[in-house]
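J.: Using the sequences plus the hints, can you model the full thing?
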Amino acid sequence: MRLFNLLLPVVMLLGIAAHAQSPTKYGVGRTPSAEEITAWDIAIAPTGDELPAGSGTADLGAQLFLEKGCAGCHGTNGTDGLAPRLVKRDVGILENPWGYGRILPIRSPYATTVWDYINRGMPLGAEGTLSPDEVYSITAYLLYLNDVITDDQMVLNQDTLPKIKMPNQDNWAQVPDWFPNQPRLQDYPF
Amino acid sequence: MGSKKQNRREFLKQGAAIAGGAAIGAASKSASAQLEGPERYIHGSDDMVAYGSRSRFVTSERIPHGGRHSPDTFGLDFHIATPLQDQYGVITPSSLFYMGTTRGSYLPDIDPEKHRLMIHGLVDNPLLFTMDELKRLPSVTRMHFVECAGNRANSRMTSVQETHGMTSNAEWTGVLLSTLLEEAGVKEGAEWIVAEGIEEVKGASSIPMTKAMDDCLLCYAMNGEPVRPQQGFPLRLLVPGFEGIFNVKWLRRIKVVDQYYMTYNDYGHLTQDPATAALGYQIGPKSVIVHPSGGMQLPGTGYYQVSGLAWSGGGKVDRVEVTTDGGQTWFDAEIRGEPQAMAHTLFAFDWEWDGSECELQSRCIDELGQVQPSRQEIGEFWNTPPGERIRVRGQDNSIQPWRIHADGSVHNAII
Numbered sequence: 001m002r003l004f005n006l007l008l009p010v011v012m013l014l015g016i017a018a019h020a021q022s023p024t025k026y027g028v029g030r031t032p033s034a035e036e037i038t039a040w041d042i043a044i045a046p047t048g049d050e051l052p053a054g055s056g057t058a059d060l061g062a063q064l065f066l067e068k069g070c071a072g073c074h075g076t077n078g079t080d081g082l083a084p085r086l087v088k089r090d091v092g093i094l095e096n097p098w099g100y101g102r103i104l105p106i107r108s109p110y111a112t113t114v115w116d117y118i119n120r121g122m123p124l125g126a127e128g129t130l131s132p133d134e135v136y137s138i139t140a141y142l143l144y145l146n147d148v149i150t151d152d153q154m155v156l157n158q159d160t161l162p163k164i165k166m167p168n169q170d171n172w173a174q175v176p177d178w179f180p181n182q183p184r185l186q187d188y189p190f
Numbered sequence: 001m002g003s004k005k006q007n008r009r010e011f012l013k014q015g016a017a018i019a020g021g022a023a024i025g026a027a028s029k030s031a032s033a034q035l036e037g038p039e040r041y042i043h044g045s046d047d048m049v050a051y052g053s054r055s056r057f058v059t060s061e062r063i064p065h066g067g068r069h070s071p072d073t074f075g076l077d078f079h080i081a082t083p084l085q086d087q088y089g090v091i092t093p094s095s096l097f098y099m100g101t102t103r104g105s106y107l108p109d110i111d112p113e114k115h116r117l118m119i120h121g122l123v124d125n126p127l128l129f130t131m132d133e134l135k136r137l138p139s140v141t142r143m144h145f146v147e148c149a150g151n152r153a154n155s156r157m158t159s160v161q162e163t164h165g166m167t168s169n170a171e172w173t174g175v176l177l178s179t180l181l182e183e184a185g186v187k188e189g190a191e192w193i194v195a196e197g198i199e200e201v202k203g204a205s206s207i208p209m210t211k212a213m214d215d216c217l218l219c220y221a222m223n224g225e226p227v228r229p230q231q232g233f234p235l236r237l238l239v240p241g242f243e244g245i246f247n248v249k250w251l252r253r254i255k256v257v258d259q260y261y262m263t264y265n266d267y268g269h270l271t272q273d274p275a276t277a278a279l280g281y282q283i284g285p286k287s288v289i290v291h292p293s294g295g296m297q298l299p300g301t302g303y304y305q306v307s308g309l310a311w312s313g314g315g316k317v318d319r320v321e322v323t324t325d326g327g328q329t330w331f332d333a334e335i336r337g338e339p340q341a342m343a344h345t346l347f348a349f350d351w352e353w354d355g356s357e358c359e360l361q362s363r364c365i366d367e368l369g370q371v372q373p374s375r376q377e378i379g380e381f382w383n384t385p386p387g388e389r390i391r392v393r394g395q396d397n398s399i400q401p402w403r404i405h406a407d408g409s410v411h412n413a414i415i
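One line per chain: the protein sequences are A and B, in this order.
Quick note on our numbering: the first sequence kicks off at 1 and runs consecutively.
Quick note on our numbering: the second sequence kicks off at 1 and runs consecutively.
Be aware that a few hints might be false.
Claimed, not checked - Listed next, the in silico DSS-like pairs over lysine-lysine satisfying Cα-Cα at most 30 Å (straight line):
#1 B:K187 x A:K25
#2 B:K135 x B:K316
#3 A:K163 x B:K187
#4 A:K68 x A:K163
#5 A:K25 x B:K114
#6 B:K135 x A:K25
#7 B:K187 x B:K135
#8 B:K135 x B:K114
#9 A:K165 x A:K68
In short, the hints are calculated from the structure, not lab data.
Here the structure is a predicted model, which means the values were calculated and not measured.
T.: Below is the structure:
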C-alpha cells in the first residue's frame, strides 16, 4: 500500500486515471472533510491538542453546577448525591493524594480527562449539550472544589487547562508495553 | 423422507382444522399399541415462519450482576450475567450474552444506513465508511470471548452465574482493524488508538497500536446475525483477550494517536501499582467447572461428566486440569473441540462420585505456559500474611472451588 502511495503521483502525472483513483488498496470509503473531523474529534489528549476555543472560571462554574442540573445528581456541594462524589474526602492534606479517594477531579493525572468526560458524558440525559465555555467553567469549579486551583477567577482555556498540574500527574502506574504472545506480567506465573 | 414429512404435515393441518390438536393425541392413542406422542403441539404461525423461539419449557435467563438492581432507578447500572450453568458447548446464545455498560438502559437505537465509522488522526488517508462499505472489505470470522473486569468471584456468591457470568463467547464476523489501519496508512509515531462509541457517554478507550495491528476486529455480526443492540449494533470493536471495556460498542471513531489518552474509561483502570496495572489489561488463564456447580444437586452416587469452560487472554488454552480432592491430585481434563485463541474452550472429565464430601476445581494452562492460580497461591506470591484477606490483583483469574456435600448439594467453597 505504501508503495502504491509512492507511485500514485507518477500515475497522475502520466494522466492515467487522474480522477476516481483512490490512494487506498480497496478504494472503499470516502475522505471526511476537515469540518467533519473537527466535529467528531472529541477525545482530549493530556496535551490538550483537541481542546476547542472558549474559556471559563470556577466562579461561573459554581452557578452552572446548579443551573445545568449537576447538583441534582451529585449534591449541591458535589458530595452527597446519588451520582459519584466529586469532591475529595475531608481528610486534611495528604502526602499521597491517592488517599483522597477515587474522585475524578482530584485523582485523575490530567485535567483534560475531567474536561473530556463532562463534555462527552454530562449532564445525564442531556449529554453533548454543554458549550465549550460551560465545560471550561464546570471543570474549573470542580478543580477549585478540590483545591487543585485556588483562584475562582482563574481563566481556563485551551492553553491553561493542559498546564494544570494535577496532584497525581506523576503518581500512577503506566500500563505496560503490550506485545502479542507475551505473559501479562513478567516473572508472574499466573 | 421428504414426502412422508409432507404427508404428516397435511394430516396435521386437516386434523387441526377439523377438531384441534387434542383430537390428534386421542386418535393416535386409541389406534393401536403405539407409543404416545407429544401431549400437545406448537401450532405454526406467521411469527414462527419469520423468527424462531425456544421451548416454553426452557426458561434460562440472565440476572442482574452483583446483586444490584439493573437497571437501577438512575438508569446507571446495567450489568447482566449470563446463565453459564445452562449453556451447552462454547457459543453463548446472543439473547443470553452477558452485558456491561455504564448506562445500559439507554441503548442507542442506530439506523445502520446512517451509521458511519471514521478513522483519522496520525494517518495518511483519513476515511469515513458506511456500514455497506465496511462490509465490502475482506472479512474474518473468529471465536472470541469477552469478559468484564467485574467478573470476580467471592464467598457470598452461590452459583456459577454469579461467580463467572460476566463472560460470554461468540462467533464474530467483521473486518480486522489492521486492514483498516493499512487502508488509512499509519504514520510514524502512532503508538495508540482511541476507539470511541456513539452512545450517551461516547465510551472511549486507549488501545496500544501493537494490539490494534495484531487481532482487533470491527464486528458487524455475531453468531451468524448482525450484532445485537446490547452488543453494539451495528458495529463494535473486539479486542481479543483484553478486559471487556476495551471492546467498544456502537463504534463510530478510531483515532490514531501518539500518546495514551487517559480517557474516562482509561481512568477506570488507574492504579498506583504497576502489577495491578499489568494484570488488569490482558486477561489471565482462567477456567470454571460449570457441571456440577453451585446450587446444583447430584441425584446420587455414580458417574458424572464434570465439564466446564476454560479461556485465556494470552492465546489458546493448552491444557485443563481437574481435581476432585480440593487440589491434592490433578488430572488432565479432555479438551472438547479445537481450542481457539482468546475463546472459551470446553473441557470434560469422567468422574465417579462415591458419595463422600469433596471439592472440585479446575485450572487452565494456556499456550504461554501461564497457570491459573488458586487464591492461596496468589496470596503466597504477594506475601500476604496468613489470616489477611487475599487480594486478587487486576482481573480475577483465581481457581473456583465447588464443594459437594454428602447429600449431593453443590456449594461455592471460596473462603
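J.: Determine for every hint whether it applies to the structure shown.
T.: Hint by hint, here is what the structure shows:
1. B:K187 x A:K25: Measuring from Cα to Cα gives roughly 16 Å; hence the hint holds.
2. B:K135 x B:K316: Between B:K135 and B:K316 the Cα gap is close to 28 Å, so the pair holds against 30 Å.
3. A:K163 x B:K187: holds, 27 Å
4. A:K68 x A:K163: Status holds; Cα separation ~27 Å.
5. A:K25 x B:K114: holds, 25 Å
6. B:K135 x A:K25: With a Cα-Cα distance of about 15 Å, the restraint between B:K135 and A:K25 holds, given a limit of 30 Å.
7. B:K187 x B:K135: holds, 25 Å
8. B:K135 x B:K114: This hinted pair holds, its Cα atoms lying about 15 Å apart.
9. A:K165 x A:K68: holds, 27 Å
In the structure shown, no violation is registered for any of the earlier numbered hints.
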